[in-house]
Amino acid sequence: MLELRDVNAHYGASHILQGVTMNVEEGEVVALLGRNGVGKTTTIRTIMGLVPSTGGEVSFKDAFIQTEPSYKRARRGISLVPQGRGIYPNLSVREQLLLPPGSKKSGGWTMEEIYDLFPRLKERERNSGNQLSGGEQQMLAVARALRSNPELLLLDEPSEGLAPMMVKTVGDVLKDLKKRDLSILLVEQNLNLAMTVADRVYIMNKGVVVHECAAKELAEDEETQARLLGV
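In terms of this note's numbering, the sequence shown has 167 at position 148, counting the first letter as 1, and numbering is strictly consecutive.
Honestly, I wouldn't trust all of these hints.
Stated by the list, open to error - Capping the alpha-carbon separation at 16 Å, the derived lysine to aspartate or glutamate pairs in EDC-like fashion look like this:
id, residue 1, residue 2
1, 80, 170
2, 198, 179
3, 80, 45
For the record, the hints were derived by calculation from the structure and aren't laboratory data.
Produce the complete structure using the sequences and hints provided.
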């Protein structure tokens, strides 16, 4: 589904990604872990085309996409739930869900299906973005991404700033999407959440992938957790 080979990226003179190699298979949930500032968000943004790669290859379904603009990557079936959610404060829930075009493909996410997965959004559909709680905003950000019927969903820190109950809700939604065989790349600081939903994990440090294993293996490896994640 997605493959990165020796991907590099810079912010000005700062060399952030220094040869990232990883992949996500069809129907797989992969967690990208690491301490703050190691390049996880830059990896997500480089996949989406928001940060230009300065070396290496990014391929999606066997097509090289590293030189394509973000909108073309979105049309191919990649959708991003960004860190910070990106909610429009003055638009209603319903208006924000109507902004991305509903997919015309068979099996696309309709408004009814979105509200079935997120009944709270149905209750709040006339409320503006700035009237939603942090958890409701996160639901809206995920729902908005699903409206384009992605084949690969990129999520950047979906549990950030949420109360424990809402973290559980996010986890339940991701499990539901996993059952639907949606491919997901998840950047997440909450190790318990990541281990609950992921099939495999990559751990980054200083702009490179330094460890890869099954999620179950990492969950049982306290030494690696402490050494590479500081938990």
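Checked hints:
Distance restraint check for residue 80 and residue 170: the Cα-Cα separation of roughly 10 Å lies within the 16 Å cut-off, and the hinted pair is therefore satisfied. At roughly 24 Å between alpha-carbon atoms, residue 198 and residue 179 are farther apart than 16 Å, so this suggested pair is violated. At most 16 Å may separate the alpha-carbon atoms for a hinted pair to count; residue 80 and residue 45 meet this at roughly 9 Å.
Taken one by one, the earlier hints fail for this structure only at number 2.
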